[in-house]
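Colleague: Spelled out from the first residue to the last, the chains are:
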Amino acid sequence: MIVLQILASGILLGGIYALISVGLNLIFGVIKIVNMAHGEFLMIGMYAAYFIYTATQINVGLISIIIFPLMMVLGYIIYRLVIKPLLGTAETETNTILATSGLTFVLQNLALMLWTADYRAIKTPTSSQSFSLGKIMLSVDRTYAFLICLVLVIVLYYILMRTRFGAKVRAVSQDKNAAILMGINVNFIYALTFCVGIALVGVAGAIITPIFSVYPSVGVFFGTASFIVVVLGGLGSFTGALLGGLIIGLVETAAGVLASAELAQVFSLLLFLLVLFVKPQGLLGKNARV
Amino acid sequence: MKKITSILLSVALVLSLAACGGDSKDSSGDAASSGAEAETSGEINVYVGVEEPLTGANASLGTAEYNAIELCVEMLNEKGGVLGQYPITYETVDTQSDAATGASEVERLITTKGVPVVIGSYGSGIAAAVSEVCERYDTLLWEQSGAADTLLQNGYEWTFRTESMASLWGATSVDYIVDQADYVKEVLGKDIPELKVAIIHEDGSYGTAVGQGNHAAAEKIGMDIVAYEAYSSSTLDLSSVIMKLIAAEPDILLLTGYVNDGSLFLKQSQELGFKVPILITHSGGHSVQAFVDAIGDQVNYLLTVDPVACNPKLDSFDPELQETFKEFEKRWTEKYGVKPAHHVEMRAFAQSYLFFTEVAPKAIEEGGAFTAETCRDAILSLELDASKNLMGSDVKYSTPDEPFIDPTLGGTHVGQNIYAGAFINQYFDGELYCVWPEKYGQKEGVLFLPSSSTLSAGVVD
Amino acid sequence: MSEAILQVKGVSKSFGGLKATNDVSFDLYEHEILGIIGPNGAGKSTLFNLITNFYQIDEGDILYKGESIVGLTPDVVCRKGLTRTFQVAKPFSGLTVFDNILVGCLPGSATVAEARDKVDGILEIVKLNDLAHEPGGKLTTLQRKRLELGKALATNPDVLMLDEVMTGLKPHEMEEMMGLVLKLKETKTIMVVEHVMKVVMGISDRIIVLDHGVKIAEGTPTEVTNNPKVIEAYLGRSAKKHA
Amino acid sequence: MLKIENLNVAYGDTQVLWDLSLHVKENEIVTLLGPNGAGKTTLLHTICGLVSPLSGSIIFQGKNLLDIKPYHRPENGVVLVPEGRKLFPKMTVQENLSIAAGKAGVDKDTQDWVFELMPRLAERRKQLCGTLSGGEQQMCAIGRGIMAKPKLLMLDEPSLGLAPLIVEQVFDILTKLKQTGITIFFVEQFVEQSLGISERGYLLEDGRIVLEEDSETMLGNDYVKQVYLGI
Amino acid sequence: MKKQVDAKNKKFILTLVIISVALLACTVIPFSIYVKHIIIQTVFYAFMATAWNMMCGYTGRLSLGHSAYIAVGAYTSLILYRNHNLTPWVGMLLGGILAMALMFLIAFPCFRFGLKGPYFTLSSIAVMEIVRYLLTSMRSLTSGSLGMSLPYHKTNLFHFQFDHKEPYLVVFLIFWLAAVILVWRMERTRYYLEAIREDDDAASALGISVTKNLIKVALMSAFMVALGGTFYVQYYRYIDPITICGPHMATNLALITIIGGSGTLLGPTIGAALVIPISEILRTSLGDKLSGLHLFIYGIVLIVMIIHMPKGVISIPDVIRRKRESKKAHIETTASESGGASNE
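Residue numbers (the working numbering), protein chains in the order written: chain A, 18 to 307; chain B, 180 to 640; chain C, 150 to 392; chain D, 135 to 365; chain E, -4 to 339.
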């Protein structure tokens, strides 16, 4: 019984982890940069959802549809100002990590100046609601999040694997120069990927706002978690986030019950290191040592 | 070319900032020297430093405290300041929610601005670092919210704390249950030692201290501790903890968390169907508005322990304090559009008010100046009745010669208000009201979660 | 001819099902120049990578001075006296030419000063004195090839494995380089991978020919050039028509 | 058709091509010879825009290519089959072909023709390119080039690493391509064979064109013989 | 050549002497305590960044998790001091050894399996997080998030505590000097590391053991930042897991080094001399005006620096010289006929 509940809770937690990591993974997969400010974009998405919800009381699912284009615009601004100047330089990898680390300062404190440090939370009609599946209890909000994550991954997968546009994106991610030779506008694909990646984080922020309250430094917690998820599942593997999320969710829930809740994250971190050493490309990822 | 211009621009930016930094330093030098001048010329200058975390993880509550102090000074200055004739001035620094930054900023306050008194710090960690700096510079630290037990255990002579320490908050929840022993017996059919208690706390400095208090007090009284568990407040999921609780079937749950994990706990408890007859939370995240926003109606009848009585019965306070209390509420509401949260803003206001209306006048009257020494002397000789303290407890501070031995954990504390107490507050219609001790209780406490609550074990109607 | 300094015995290596090297065996004798030829993709560079342990072999054995060197790391192999150059020259682009060579000298020198003293001599040999203070990344291909050779020489190897150091050189430069290699032969044992036939033919004592990972011929330059299998592999069928 | 004049190209501080001028006429096969490192690949990359020149002009069918964005050049008819194939290894043969087809989408006739030309590809169309053999990959790369409906098809060492039999097939394909009106400009190591199918040849050394001759003449040139056929 | 080397060495020694003398002069000049505090912090961070640079700058392996080793050093010496009254001078050595042990545990697999780029960075962050969780949960030893403070003593060399700033400045200066000289004297290793950073295959082909050298400097770096951990405790007198083992500290070391110039001898020092005062000035001038503004500007300055000056401030003279040279060279080459190359 408890095993089933651990499984269920773990999978739902995994859904949240996966949800907040999809965008990060997309960006890494295509542009090959690690966005250290990922958690901060999530925070901005959460604020956006908070303000829209308090003003309109509409469903967060709908809110995320509004947030998507807004976050794309923000993504584009950041892309132009911070990311693009660093692409194609000698140390793109290192410099983007550092520049996006700097970006965490900027975004966190921008949020602080604009919206103060107060915690903000919304309560939706579904919050704290759950339904039972046999003897297992499932949270409505988390199930929502899980389903939306699933939908996002499927849609993303469909777009990438089945559409012409997706093929272009994959082409760019596999060989940038060959893509240019095929008449693909790589810069455009990069910019768009970054924007969509950021927009996906924004959507994730909107979806989890009924579950977590938002404040300027909330992103810090999510940032590290999503890196672990993404590396575990495979940096750049478009379905890797889901797998990584589920693994981390299950490991943390099980470790929390069987060992201690406080050290649950240590287990997932150790697993993460183990995977790095044994199969650094992640469980579904591409070769990391090249 | 573009590159060069942007380099030049950034260099210019840096230089201009450096320049304005230089300016401020000059002016600070002036301030320090003018402070010194004032002292020698015998003029009394009520000048203090305020240090709060205005950015970083604790920025929310740090800013709230800062606003309360600001309003306190504003209200007093309108009446002419301390003793009606010495206006209060202050310098503010941002500790960035970081102990090292806090220490260096306070050192700067002391050494360049020459403040004799520092008021702050919100976080216990920052308070610990700051108290050490104050000790080195013989500067007074009027600590308003660093509740960790360890803060005053170093024997430092310059740090004073008016409110109770965190372990006492933890002990108070047990005391409250013991106080209601008969009622508990009646409902649950168990004597106190038969009660199964679960203690869950976040593993930050605050939760840990309260949890220790819970544990020590429950153990002393012989309760059956069925769970004693910490979790990280950054967690996204508490289902594992709740599953353990469901298995342990406690009669009492003592819970300490911050906003996010606190509300997460309640939401997930409900989702997973956890039920418990008695639930007592401990201040921190459980008393702030975002917590109420997050869990909505479910907040009602939730008990929480705070170092201050929320919406207290005002009768027992001096009439003047009653007025001040109402005035503060009114002005805060006007200024910020919401009622002040008692456990944060009122608590900060109450302690600053105590300092400027009891300590500072005494220092000036008895010592003839407003310096760290005169203030310290004033504090050490201070003895107040609870009616003079908006925090709701008598006031007398322990000294190095007569340290305060903490009844819960047995620690030795210097500079602690030995009468400081903690209060049981309860949510009614989304607002906290003091329910225990009865002296301040505006409403009758509801010990068992009523059946309307989703976590109710259904032991009472 | 003295005894074999390096013996390659039945070495095979596959990459994802593709046999890059298939049961290749040969011996290398002291103070000889052994040429390895074969069309692009025949597995010449792979062979170098296997001998120097950049890749681990799947099957077979490699003996250096009678001792198996399989499973060692490349740096150990180098310190034992087997040094290779890379086909695509790998200068340390942030370091100056001088420092590039110096790095090669360091492992075999007791002090940095001692190593520094050796550098000029090597710069002389590879004719890079004038560029000593240019960063390695700024060199032309030709200069890079020379630097690559210089770095290898810096480790003072017994066996020097040159991977296409002449490709890309103009005829007179090639002659010069050939002269240099021949001179080095006095003190060293040399393996060259080249696909400029003239070079290999001109300097090699013996030649082995690889095609698709298999050794298809071995012998003196004349023997090899007359081998029909070689002609077909190396020049394709149309060449046969011409011939 | 293609006219390059006074082209200078540098990577950072290192100049690779020096005042290079050459031309390719309509429906011609032109071979570019030269030792490794002479700048052949750089020249091809400059023509398709992966590298920008310091100075000079590249005129293609009267248009200045340098004014056209690199990713617009394929639709203008300038297509390169790069050295080492550069296929997208995690995409299927079909996807690799489709992606080259540009905005117009996959042209059924062209695709059928590609499959007719290279039947192996038709068999492998659902297979990931990373798992193809070297020869199949080269076929796929050429097929991908054709799918873009080039007017000028450039190939960078199409025979690299291929078995002689396959090399021959590749050259056959090039001849067939020419028959359909595609102009071909390519870099090769197999001097005899490549000059065998081409009309003219250029010899590039150290970033400069040192020789321009008819293929026949070039084959007979002593210098070329000495350096490149040096048996 | 030898002469050039000697001249370079002389210049370097002279620079060190000038900096040291200037800093020692600071102990005599009656600066305000706050200014001295900034100077001390600058020297402290110069030391730490030098240690970070030794591993990460020279090898190009970006660690954002060095806090773990700082924390191990700090906690070890503080716990030994509090519980066993062991002088921090000895405690810090033990802390350093413990930090080295931890580093070995991580570095060995990391370098053995050739972890690079973002994977290395993320693994370093993971290690830091693990150490922090452990420090937080080992409450009986570390008092968890409550943090630990240093028992206060008046000036006492045995306890490594001073009432005045100057002794700290002198101690940190000595260690900074030792660190810089150590890195300087490790000339051979520096060459190896630079070669490894540029191309580890090419380096190993020249007989350089990549794994061994990387692990060696990783251990040295861990040892040094662990000493820094003890300094931190002795100077700030309070530590808790999040301040000493959080991302902030580690990221700062990286940013300081890169802004100064990573992989250079004095880059970290220059970086510290810029970043620490600037962030202090920003905080003091803007910190009480609009909360967040100073860190907002700090972040922007960092981003601008990384975009426009990725090689750090130390490269400015180089950049200027190269600009001038290339202008000259261009004029020459267009005139001449020789040379020519390709980059295929």
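Rather than coming from a laboratory, the hints here were simulated on the basis of the structure. Predicted, not measured: the structure shown is a model, and the values here were computed from it. Yeah, the Cβ is synthetic: ideal placement off N, Cα and C, and Gly gets one too. A portion of the hints provided could be inaccurate.
[Claimed, not checked] Straight-line Cα separation of at most 27 Å, DSSO-like style, residue types lysine-lysine; simulated pairs:
| id | chain 1 | residue 1 | chain 2 | residue 2 |
| --- | --- | --- | --- | --- |
| 1 | B | Lys292 | E | Lys6 |
| 2 | A | Lys193 | D | Lys203 |
| 3 | E | Lys207 | C | Lys229 |
| 4 | C | Lys347 | C | Lys229 |
| 5 | B | Lys505 | B | Lys454 |
| 6 | A | Lys152 | D | Lys310 |
| 7 | B | Lys454 | A | Lys152 |
| 8 | B | Lys454 | B | Lys369 |
| 9 | D | Lys197 | D | Lys224 |
| 10 | C | Lys267 | E | Lys207 |
| 11 | A | Lys101 | D | Lys203 |
| 12 | D | Lys242 | D | Lys260 |
| 13 | A | Lys193 | D | Lys310 |
| 14 | D | Lys283 | D | Lys310 |
| 15 | E | Lys207 | A | Lys296 |
| 16 | D | Lys283 | A | Lys49 |
| 17 | E | Lys306 | E | Lys318 |
| 18 | C | Lys229 | E | Lys211 |
| 19 | A | Lys193 | C | Lys337 |
| 20 | C | Lys168 | A | Lys296 |
| 21 | C | Lys287 | E | Lys3 |
| 22 | C | Lys267 | E | Lys306 |
| 23 | E | Lys111 | E | Lys318 |
| 24 | C | Lys276 | E | Lys111 |
| 25 | A | Lys296 | E | Lys211 |
| 26 | D | Lys237 | A | Lys101 |
| 27 | E | Lys306 | A | Lys49 |
| 28 | C | Lys378 | C | Lys229 |
| 29 | A | Lys101 | E | Lys(-2) |
[To be verified] Negatives, chain C to chain E, calculated, CB over 12 Å:
| id | residue |
| --- | --- |
| 30 | Ser161 |
| 31 | Leu212 |
| 32 | Thr234 |
| 33 | Leu244 |
| 34 | Glu297 |
| 35 | Met310 |
[Said to hold, decoys possible] The following label-pair restraints were derived from C-beta to C-beta distances:
| id | chain 1 | residue 1 | chain 2 | residue 2 | range |
| --- | --- | --- | --- | --- | --- |
| 36 | B | Lys622 | E | Leu89 | 30 to 38 Å |
| 37 | A | Ile171 | C | His282 | 52 to 60 Å |
| 38 | A | Ile19 | E | Ala173 | 39 to 47 Å |
| 39 | C | Thr369 | E | Ile315 | 41 to 49 Å |
Colleague: Report the numbers of all earlier hints that the structure fails to satisfy, in ascending order.
Modeller: 1, 4, 5, 6, 9, 13, 16, 19, 22, 23, 24, 28, 29, 32, 33, 34, 35, 36, 38, 39
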